[in-house]
Each structure stands twice: as C-alpha cells, then as structure tokens.
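Those protein sequences? They're chains C and U, same order as listed. Those letters in the first sequence? Residues 43 to 172, per our numbering, in order. Those letters in the second sequence? Residues 325 to 761, per our numbering, in order.
It should be emphasised that the hints constitute simulated quantities derived from the structure, not laboratory data. Beta carbons are placed, not taken as given, at the ideal position from N, Cα and C, and that holds for glycine. Any given hint might turn out to be false.
Said to hold, decoys possible - Take a look, some chain C residues computed to stay more than 10 Å from chain U by CB distance: (1) Ala55; (2) Gln81; (3) Gly82; (4) Pro159.
Claimed, not checked - With a straight-line Cα cutoff of 20 Å, these simulated DMTMM-like cross-link-like pairs (lysine to aspartate or glutamate) come out: (5) U:Lys408 <-> U:Asp469; (6) U:Lys408 <-> U:Asp432; (7) U:Lys408 <-> U:Asp741; (8) C:Lys150 <-> U:Glu376; (9) C:Lys152 <-> C:Asp69; (10) C:Lys147 <-> U:Glu331; (11) C:Lys152 <-> U:Asp372; (12) C:Lys150 <-> C:Asp139; (13) C:Lys147 <-> U:Glu376; (14) U:Lys702 <-> U:Asp652; (15) C:Lys150 <-> U:Asp372; (16) C:Lys147 <-> U:Asp372; (17) C:Lys147 <-> U:Glu333; (18) U:Lys586 <-> U:Asp469; (19) U:Lys738 <-> U:Asp688; (20) U:Lys412 <-> U:Asp352; (21) C:Lys147 <-> U:Asp352; (22) C:Lys152 <-> C:Glu48; (23) U:Lys738 <-> U:Glu383; (24) U:Lys640 <-> U:Asp372; (25) U:Lys412 <-> U:Glu697; (26) U:Lys412 <-> U:Glu679; (27) U:Lys412 <-> U:Glu620; (28) C:Lys152 <-> U:Glu376; (29) U:Lys748 <-> U:Asp637; (30) U:Lys412 <-> U:Glu383; (31) U:Lys702 <-> U:Asp637.
Said to hold, decoys possible - If you anchor each label on the Cβ, the simulated ranges turn out as follows: (32) U:Pro343 <-> C:Ala55: 53 to 63 Å; (33) C:Ala161 <-> U:Ala749: 23 to 33 Å; (34) C:Lys147 <-> U:Ala395: 24 to 34 Å.
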Amino acid sequence: METTQEPAFDAAALAETLGALDDAHLDALPFGVIGFDAQGVVRRYNATESNYAGLAIDRVIGQPVFTVVAPCMNNFMVAQRFEDAAEQNQPLDATIDYVLTLRMKPVKVKLRLLAVPGAPLRHVIVNRRP
Amino acid sequence: MTHTAEEFEALIQFLYLAPVGLVQIAPDGQIILINPISAQLLMPLSRDGGLENLFTALEGVAPDLAHRAGAFAPDYGMVCEEMKIQIKAGVPGKSGAQVLSLSLLKLDRQRMMAVLRDVTQEIQRDLLLRQNEAWLNAILTGITDYAIARLDRDGRVDDWNESIGHLTGLDRDAVVGQPYSIFYPDDAITPERTADRLREAEASGWSMDECWRTRADGSRFWGSAIIAPLRHRTEPAGPVPLDDGAQGGPAFCLVIRDITEKRDASEKFRQAATCDHLTGIANRRAFFEAAELELERWRRAPRPLALILFDADNFKRINDTHGHPVGDAVLRHLATTLAGTFRQVDVVARVGGEEFAVLLPSTDLPSALAVAERVRRKIAATCVEVNGERIAYTVSGGVALMDAGMAGLDDLLKRADAALYGAKAAGRNCIESALAA
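Taking the hints into account, I'd like the entire structure generated from these sequences.
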C-alpha cells in the first residue's frame with residue numbers, strides 16, 4: 043500500500059478520506075474516529091478513541107453508538123443532528139465544542155459531525171481541546 | 325494483571341452505561357467525576373461549552389443550588405432529594421417540555437454526589453395524578469365547613485344559601501346576582517379567569533382551584549373551590565340552540581371549602597417543591613407550570629397576557645464588591661418587593677441567578693409597563709441594609725405581550741429577554757418593551 047497523507051481533523055472531505063483508510067492508518071490518526079451505519083451501529087472505532095475512552099475496540103464494534111458507546115452525545119446537539127440530516131437527505135459537516143466524560147473525567151473536545159447522503163458510514167471525529 | 329485491567333474496563337463500561345447521571349463534585353461545585361448521561365443532560369445547558377462546575381452548569385435553571393449546598397451544615401446527608409428542575413417549556417405539538425430531577429448527597433466535607441434523571445414523562449403522569457387527588461380532596465374530605473352556591477351560565481350567584489353566610493360572613497344582598505369572583509380577593513382573579521373556569525367546568529365536568537380567600541370580617545382562610553356544570557350536555561354534537569339557558573336559571577354549582585388546616589399540614593412540603601430556596605418566592609419550575617396553564621387558557625380565549633423579566637443591574641459587581649451574603653440579601657429584597665407589588669393572580673418567580681419573571685394575566689402592555697416602572701422606581705429609591713451596610717441597587721426590566729404569532733412560552737420569554745437586553749443596552753435602571761413581531 044502506498045503511503046497515505048495523514049488527514050487533519052479539519053480537512054475538507056474528511057469523511058471520504060476516512061472511508062479509504064485501512065484500520066492501521068485509522069488507528070494511527072491523532073484524533074478519535076467513530077464510524078456508524080444508518081442504524082446507528084458502530085462499524086469503525088479507532089485506537090485513539092479506544093484509548094481516550096478506556097474501552098477496547100471489540101467491546102464497541104457492533105454496539106449502538108448513541109445508547110451504548112457514546113450516550114453522552116444522545117441529545118439534540120449531536121444525535122439529533124444526524125437524524126435531521128438523514129431525514130432531510132442533507133450532508134452534515136459541523137464542528138462543535140463539547141465535553142466528553144472519558145473515563146468519567148470531563149474532557150473538553152471538539153466534535154466534528156460528518157454525514158454524507160448515501161454514504162455507508164457517518165462519523166463523529168473527536169479532538170481534545172487544550 | 326490482565327484480569328484487573330479487564331475488570332477495570334468492565335467497570336468503566338458499567339458507568340458509561342448507567343441510565344442515570346452521576347456526578348461527583350467538590351463543595352464549590354467543581355466536577356471531579358462525571359458519567360456520560362450527565363453530559364448528555366447537562367451539555368445543552370452549558371453556556372461556555374464546558375462542564376467544569378455543576379453549579380455553574382445548572383445556574384440558569386437552578387440558581388439556588390450553590391446556596392442550598394453552602395447552607396447545608398451537616399457533614400453527611402441529602403442536600404436536596406429529587407429536586408425538579410424545569411429545563412424548557414416546550415412548544416405544544418412540536419417539542420416537549422423537559423424536567424430534570426436532581427438529588428445531591430453530601431458524602432463528607434470534600435465531596436458531594438449528584439444524581440440526575442430526565443423525569444419529563446414521570447412529571448406528566450404525576451400532574452394527572454395530582455389533579456385527580458385535588459379533585460378527591462375537594463369532594464371527599466370532612467365536609468363540615470363549606471359553602472354551596474348555584475351559579476347562572478355567566479357565573480353569577482343565582483340563589484341564596486345559608487352555608488354561604490356561614491363560611492364567608494357575607495349576607496344575601498352582597499352575594500345574590502354578583503359574579504362568583506366575589507368569593508376571591510380582588511387581586512386573585514380577573515373577569516377573564518372567571519370565564520375560563522366556567523369554560524373548563526363545561527368542558528371537563530369540573531374546575532377547581534385553591535387560594536387565600538377573605539371573609540367579610542377581613543380574616544382569611546385557604547379555600548378550595550370546585551365548579552361543576554349542573555346539566556350535562558347529552559345531546560349529540562351539533563349546533564347549540566341560541567336560546568339555550570338564556571332564560572337564566574342555575575347552570576353551575578360552586579362549592580367552596582375551608583381547608584386551611586389541611587394546607588398548613590402540606591405547606592412545608594409544597595414550599596420545598598415550588599419555592600426558591602433563597603428568596604421564598606416561586607421557583608422556575610412552579611413558574612413554568614403556572615405559565616403553561618395560563619397559556620392554555622390564552623389559546624382558548626385570547627386576551628392580553630403580559631410577561632415581565634426583571635434583572636438586578638450589575639449584580640456580579642455587587643457580589644464581587646460586597647460578598648455573596650450581600651448579593652443574597654439584594655435578591656431577597658428584590659423578591660420581596662416583587663411579591664409585594666404584584667397581584668395574587670400574577671405569577672412572580674425567580675427563574676435565573678438574578679433574573680425574575682412575572683406573568684400578568686389579563687394585562688395589556690401599557691399596564692404591564694406601568695407596574696414594571698413602579699417596581700423599578702421603588703427599587704431605585706430604597707437601600708438594602710446588610711450588617712449595617714446600606715446597599716443601593718437598580719433593576720432593569722423587559723416587557724413582552726403574548727400574541728398569536730408566538731409558538732409558546734419559550735417565544736414569549738425570548739421576546740421579553742430581548743426587551744430586557746435592550747434595557748441593559750440603554751444604560752440599565754430602565755424598562756423596555758418588546759415590539760410585536
């Protein structure tokens with residue numbers, strides 16, 4: 043495999059780039075990646091996010107994202123936006139300040155919410171804020 | 325060792341999945357440990373995108389929390405149990421109201437544990453239950469002290485009954501032919517509310533309320549009143565003949581009961597749930613409940629409905645310069661002034677840190693502006709005395725009127741808030757009104 047340029051958290055068309063990355067490259071990214079399907083089931087979960095959360099990747103893959111993996115995002119600020127985008131068949135690319143409860147500590151993060159109509163996976167990208 | 329790591333991970337996941345919010349805080353509210361459901365519930369309330377302090381996160385909706393926690397002297401115990409916090413009013417038919425329940429347990433001098441739950445649905449069920457209970461209270465409990473009156477279809481007392489004189493001390497001439505609002509203190513009911521209750525009784529079979537009432541000799545009692553229609557419409561739905569009941573004659577039955585003793589017994593409990601801990605006036609949740617009810621009436625029979633938001637000017641500076649006890653005294657003074665200025669039928673509540681709301685049924689914009697201005701002047705002309713110090717402060721106010729273009733309470737609040745912002749921008753110590761959209 044040729045060396046891939048590592049995409050930045052705020053790169054354009056990040057969702058497409060992530061789709062093309064294999065697991066090893068996804069794990070090497072400096073930010074957390076959660077990819078889930080239209081039913082909200084987690085299909086991709088990278089090592090960075092696994093490390094943030096303290097949960098092994100195989101504990102998370104196959105689980106519903108907003109009820110089991112990231113219940114803290116199950117509100118109108120995050121989950122609702124994915125639902126609205128899907129309902130209106132619109133793309134979603136929004137970056138918000140949020141607080142995750144990683145290992146029960148409040149951690150300031152930037153979340154990038156990505157959805158492309160017709161794409162197999164939607165993504166929440168997690169970057170720690172200073 | 326891997327065994328331990330796995331156990332740790334399972335424990336972490338157990339906390340991730342706990343269906344209630346759990347937060348461990350320091351005495352000043354600083355968040356030490358927090359689980360995901362807490363973040364789910366609290367993040368929409370955060371004003372700065374952070375979650376560092378629980379009291380700060382909840383300040384907009386439970387402004388007296390830090391005070392409650394600070395005032396709790398024992399080293400261990402419940403600071404508050406299942407305190408209901410109204411998050412938003414919701415828009416009828418669109419988005420629902422939301423209510424959180426908060427319990428705060430002091431573990432020791434260094435730590436408190438908060439439990440948060442979304443109890444919106446339980447609250448709705450509970451409201452129904454309470455209505456049923458109030459109804460049962462009204463009809464079943466010790467009927468020794470009651471007055472019964474027949475009302476015509478406009479709510480005027482139709483006939484004399486000795487029980488009326490016995491309970492209220494009024495005589496026949498003062499009562500017969502008068503609207504039933506004579507059984508209320510002047511400031512506890514409006515002509516529109518009088519009509520509302522008849523309509524509600526007609527629609528649901530009964531309407532009841534409880535409030536302070538005055539006897540002819542000036543003494544007062546806590547009275548429950550229930551109105552029930554005498555004839556139930558059994559005719560199939562269709563146009564009602566125009567002359568129906570126009571001849572007069574009794575259309576409703578009104579029963580008033582003195583339940584002062586019963587109220588005394590439940591008052592402490594009632595106050596804890598509906599009153600702001602610091603100021604003693606209605607809290608945010610009680611305000612939303614009363615305002616929603618008034619808005620429902622407004623929808624059925626539109627009439628002027630005004631909202632005033634008051635905000636103590638430069639309150640942070642008062643706190644910073646003179647300390648929190650003085651700030652608290654200022655808030656208490658403002659609350660007392662408001663409670664002493666408005667009518668019993670108005671809803672006066674503390675809805676935020678230094679923000680107070682007053683809902684005025686059957687009040688137009690000029691009248692609301694006038695009374696808001698009276699409050700402003702009264703505050704500007706008095707000083708609060710705390711420990712020998714005399715503190716002068718001012719308030720700004722925003723006034724808005726409900727209109728058909730607004731979806732609900734949230735919109736009305738937003739408009740009053742915009743007016744309040746205008747008053748602040750205009751230099752404070754003034755009242756502004758919102759222009760109709």
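Comparing the hints with the structure gives:
1. Ala55: Non-interface label on alanine 55 (chain C) holds, nearest chain U Cβ at 26 Å vs cutoff 10 Å.
2. Gln81: For glutamine 81 (chain C), whose nearest Cβ neighbour in chain U is about 19 Å away, the distance exceeds 10 Å, so it holds.
3. Gly82: holds, 15 Å
4. Pro159: The claim stands: proline 159 (chain C) keeps its Cβ more than 10 Å from every Cβ of chain U (closest is about 25 Å).
5. U:Lys408 <-> U:Asp469: violated, 34 Å
6. U:Lys408 <-> U:Asp432: With Cα atoms ~24 Å apart, lysine 408 (chain U) and aspartate 432 (chain U) exceed 20 Å; violated.
7. U:Lys408 <-> U:Asp741: violated, 24 Å
8. C:Lys150 <-> U:Glu376: holds, 9 Å
9. C:Lys152 <-> C:Asp69: holds, 19 Å
10. C:Lys147 <-> U:Glu331: Cα-Cα ~19 Å, so holds.
11. C:Lys152 <-> U:Asp372: holds, 13 Å
12. C:Lys150 <-> C:Asp139: holds, 7 Å
13. C:Lys147 <-> U:Glu376: holds, 10 Å
14. U:Lys702 <-> U:Asp652: holds, 19 Å
15. C:Lys150 <-> U:Asp372: OK: lysine 150 (chain C) and aspartate 372 (chain U) at ~11 Å, within 20 Å.
16. C:Lys147 <-> U:Asp372: Satisfied, since the Cα-Cα distance of roughly 18 Å is no more than 20 Å.
17. C:Lys147 <-> U:Glu333: Since the Cα atoms of lysine 147 (chain C) and glutamate 333 (chain U) sit roughly 15 Å apart, the hinted pair holds (cutoff 20 Å).
18. U:Lys586 <-> U:Asp469: Given that 20 Å is the threshold and the Cα spacing comes to 12 Å, the pair holds.
19. U:Lys738 <-> U:Asp688: holds, 18 Å
20. U:Lys412 <-> U:Asp352: It is violated: about 26 Å lies between the C-alpha atoms, which goes past 20 Å.
21. C:Lys147 <-> U:Asp352: Holds: lysine 147 (chain C) and aspartate 352 (chain U) sit about 17 Å apart, inside 20 Å.
22. C:Lys152 <-> C:Glu48: Roughly 19 Å separates the two Cα atoms, so the pair holds.
23. U:Lys738 <-> U:Glu383: holds, 18 Å
24. U:Lys640 <-> U:Asp372: With Cα atoms ~17 Å apart, lysine 640 (chain U) and aspartate 372 (chain U) stay inside 20 Å; holds.
25. U:Lys412 <-> U:Glu697: Violated - the C-alpha atoms of glutamate 697 (chain U) and lysine 412 (chain U) are around 28 Å apart, more than 20 Å.
26. U:Lys412 <-> U:Glu679: Roughly 16 Å separates the two Cα atoms, so the pair holds.
27. U:Lys412 <-> U:Glu620: At roughly 16 Å apart (the allowed maximum being 20 Å), glutamate 620 (chain U) and lysine 412 (chain U) satisfy the hint.
28. C:Lys152 <-> U:Glu376: holds, 16 Å
29. U:Lys748 <-> U:Asp637: Between lysine 748 (chain U) and aspartate 637 (chain U) the Cα gap is close to 8 Å, so the pair holds against 20 Å.
30. U:Lys412 <-> U:Glu383: Roughly 14 Å between the alpha carbons, so the hint for lysine 412 (chain U) and glutamate 383 (chain U) holds.
31. U:Lys702 <-> U:Asp637: This hinted pair holds, its Cα atoms lying about 14 Å apart.
32. U:Pro343 <-> C:Ala55: 53 to 63 Å: Check failed, 37 Å falls outside 53 to 63 Å.
33. C:Ala161 <-> U:Ala749: 23 to 33 Å: The hint (23 to 33 Å, Cβ to Cβ) is violated, given that alanine 161 (chain C) and alanine 749 (chain U) are roughly 46 Å apart.
34. C:Lys147 <-> U:Ala395: 24 to 34 Å: holds, 29 Å
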